[in-house]
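Trainee: For reference, the chains in residue letters:
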Amino acid sequence: MTGTGSIGRRLTLLLAGVAALLSVLSWWMVTGLARQAAERTQDNVLAASVTTIAETLRSEQGEVRLELPYSAFSMLGAISEDRVFYRVSTGDTVLTGYDDLPVPTEVAVSGGRVLFDTGEYSGEEIRMATVSRLVLAGTQPVPVTVTVAQTRGGVASISAELSQLAAFLSVAFFLVAVTLSAFAARTSLKPLNDIAAAVSRRGPSDLRPLRRAAPTELAPLMTSLNRLMDRLGQSIRSAEDFIAEAAHRIRTPLATVRAQAEIALRSARDDEQKQRLRQMIRAVDESSRSAGQLLDHATVIYRSDDLMRSPVKLSDLVGQAVAGLEPTAAMKDIGLHVDMIPVQVEVDPVLMENALRNVLDNAIKYSPPDTVVTITASEAQGEVRIAVSDQGPGLGDGPVDLLTHRFQRGSNTQGIVGSGLGLTIAKDVLVAHGGRLELESLQGRNGTCATLVLPSS
Amino acid sequence: MRHACLAILLSCFASLVQALEIEDHRLFAGTGDRVLRVISTADLEVFEPYLRAFQSSQPSLTIDYTVVSSTELHKAVREGAAFDLALSSAMDLQFQLANDGFAQSHQSEATAALPDWARWRDLIFAFTAEPAVVVLSTQRFDGLKLPTTRQELVTLLREYPERFEGAVGTYDVRDSGLGYLFATQEARSTDAYWRLSEVMGRLNPQLYCCSGQMIDDVAQGRLALAYNVLGSYAAERLARDSGGQVQILGMEDFTNVILRTAIIPSQARETAAAGALIDMLARLGQRETPDDWPLPPLGQTGADSLVGFGPIRLGPALMVYLDPLNRRAFLTEWENALEQR
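Chains as they are written, first to last, in the numbering used here: chain A, -19 to 437; chain B, 863 to 1203.
One thing to keep in mind: the hints can contain errors.
As the list claims (entries may be wrong) - Some chain B residues near chain A, calculated using beta-carbon distances under 7 Å: (1) R940; (2) R983; (3) P1178; (4) V1182.
Rather than coming from a laboratory, the hints here were simulated on the basis of the structure. Note that the coordinates shown come from a computational prediction; the quantities given were computed from them, not determined experimentally. Virtual Cβ for every residue (Gly too), placed ideally from N, Cα, C.
Go ahead and model the full structure; you've got the sequences and the hints to work with.
Mentor: So, in C-alpha cells, the structure goes:
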C-alpha cells in the first residue's frame, strides 16, 4: 500500500523546495542590489563633493589656489559616519590634503568627468572620486587633480542592514509559500481523497458505480473503478446464484434419493442390505447437510462485512434456535435445558440464530441418546456469554483451535454426520460481531462446552 | 616598588614635558600601580571634581592629569605621546584625530545611550555642550545698555571707542584651537562676525590663549568685555566670585555651542580605565538636571536664551577649516581684521 509515499507530501516538498530556491535567489539579488545602490549613493555624493572642490580651483598671481567648501565635506558627513580623506595635487606637488593617499597615478584630464577607484588607506577600504581640471597658472595651464576618498563602513552597514531585512523577508516569504504549498497540495488532492472516502464509506455489498464529479485526471480512475465494481458485483451475484442453485440442485435429488432409500430400507429383508441402505442414508444426510451449511457459510461471509444489527432479546434468539432443533433432539431423546437471563443484544438476528443453531446442532449431534444439553446465559465484564454444554465424548485430543477451521473435524467424530463447517460458521459470526467462540472439554466428566461470547450492547 | 614605578613614570613624563607646553599638571595618587594618563584642555579647577569622583570609584588608580592647549593636545596625540585619554573642547581637532586613525574605538552601554550627534563611530564622544558667550565687566559697562546681538555690540563699540580702547579681549585664533573653531564657525554662520572683528581690530584688542585668563582680566577690570568665551568657565567663575563684577551675555542672533569630546588615543595602554572614565563622563553628559558639576550636560547649554542653537555638528565638515590652505586664508583675513595697527 505504501512505498511510494504520499503525493501530498511530495507535492508540498517540491513546492517548498522551489520556494526555498526562489527565496535564496531573491535574498541574494536584493543583497546585491542593496550593495550596488549604497555604493552608487556614495559615489554620487563623492562625485558631488569632489566637483564642489574642483569648482573652487582658481589661479591667483600665477599660483593655483583653492578653498575647500564647507559643504563638500558636510555632505559626506550627512550620508554616513565614514572617515574622509582628500588630496589636491598638481603633477607631483601636493597642494593640500593627505600626501600619501593612494591616488590613481595616471589620471588624464577628464574634462569634468569623475573617475572612481577603490583602494586601501589607513587600514580601511576606501572609495575615491577623482576629478582633474586645467587651471591657468601663470602662462601655462596646469592639470590639477582633486581626490576625495571615504571609507566604506556606511555602504557595508546599509547593505548589511538591507541584506538582513531581505533575509527576514525571504524567510517570511518561504514560510508563507510552504503554508500555501501544503494548502495547494491538499486542495488539489481533495477530489482524490473524496473519492477514496466515498469508496471506503460504502458497505461491501454496495457496488453501485460512483457518481460524482471528478477532475479530468481522475476520470480514467473513476471509470476503471466503476468497471471493476461492476465486474465484482456481477461475480458476487453469480457466486451467490451458483451457491443457491448448487445447494438446491444437490438437496432436491438427495431428498429423493433419501426417500427412496428409506422405502427400500423398510422393505429390505436382508441385514446386509439394510446395513448398506443405512450407510447410504447417512451419506445422503451428510451431503444434504454439507450443502445447507455451505449455503449458510456463504451467507455468513457475505453478511458479516455488513452486519444488519438490531436489538434483540437474547431469550428470543435462543428460543428460536432451540425451537428449530427440538425435533432433532427429541429423536435422540436429548433434553434441552435453557437457562436465560433477561438481556438484550445488538446483533444481526439472522446470523446470530444461524451461529446458535450450528453450535446447538453440534451439541445434539455429538451427544449420546438420552442425555441433556444445557444452554445457560450470563453477563459479566461487558460480555454476554451463552454456554452450550453437552454430555458427549468431548473434543478429542487434537488442538482445539483447529476445530473452528473450515472442514476440520475432531479426531473422535467418526460415524457422525458432519461437514466441519458448523463451528467455523459460528466463529465467523461471533468475530463479525466483535465476540469469539470458546471451546473446551468439560473436566471430570464427559462433554463439551461451547461458549458464544458477545460484547454487551 | 610602587614609588619606583612612579618615579620612572615621572621621569618619562619629564621627557615629554620638554616637547609639550604644559599649562598645568597634577598627579592624583591612587593606591595601586596603574596610572591613567589624561591629557586635557579643561582647567584643573574645573575638572578636578570629575577626577575625584572617578577616583573614588577606582581608588587603586593613579590619575596623571595634564592640562595643555587644544593645539598642543592635538600635536601630542598625533605625534604618539603616551596618553590614555584626550579630552578637548576643540572638536574639530579631536575629530581630525579620530578621522585620521589616531583614536581607538570604545563601546559601552553609556556611550551607546549618547545621542547620535554626540558621538562619531565609537571613536569620539561628547560629554558636555558648552556655548560661546560674551563676558563683560559690569563696572566698565556701567550706564550702558547691554547688547543682545552682534549688531548692537558693533554699534556700542563704535559709539564708545574711548571706553573700549584696549579693553576688548578675544582668542588669538592662531594659538588657540578652540578660538579658531569659534571664529571659523561663526564666520561661516553669520556675516556680523567680520564686521565685529573689524570694529574690535580698531580698538586695539587683547588676544588670549585661554578662556580662563580672559575671564580673570574681566573680573579684575582690565577688560571691559571678552568675546567668545566658553560659557561654562564663565559660569563657574561667576559662581565663585559673586561680587557682581562679571556678567555673562549670550548673543541672541547666533551662538556657537561646542561639544567637549573625549577620545582614546591609539597608543593608549589603560584603555579599560580610559573607557570607564568616558562612560562616567557620558553618563554625566546625559543627566537631566544641571546639578553642581562645573560643566553643563549635553542636553542643555546653560542659558535659556541659547535654546534653539544646536551644537556644532561632529562630522568631516569640521576638517574643512583645518585644511592648511583654508587655515592660511582664514588667518590672513583674521589678521587683517584684528591687527590694524
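Trainee: All hints are to be evaluated individually against the structure, with a verdict given for each.
Mentor: Here's how the hints hold up against the structure:
1. R940: 13 Å, violated
2. R983: Holds, because the Cβ-Cβ distance from R983(B) to chain A comes to roughly 5 Å (cut-off 7 Å).
3. P1178: 4 Å, holds
4. V1182: This interface hint holds because 5 Å falls under the 7 Å limit.
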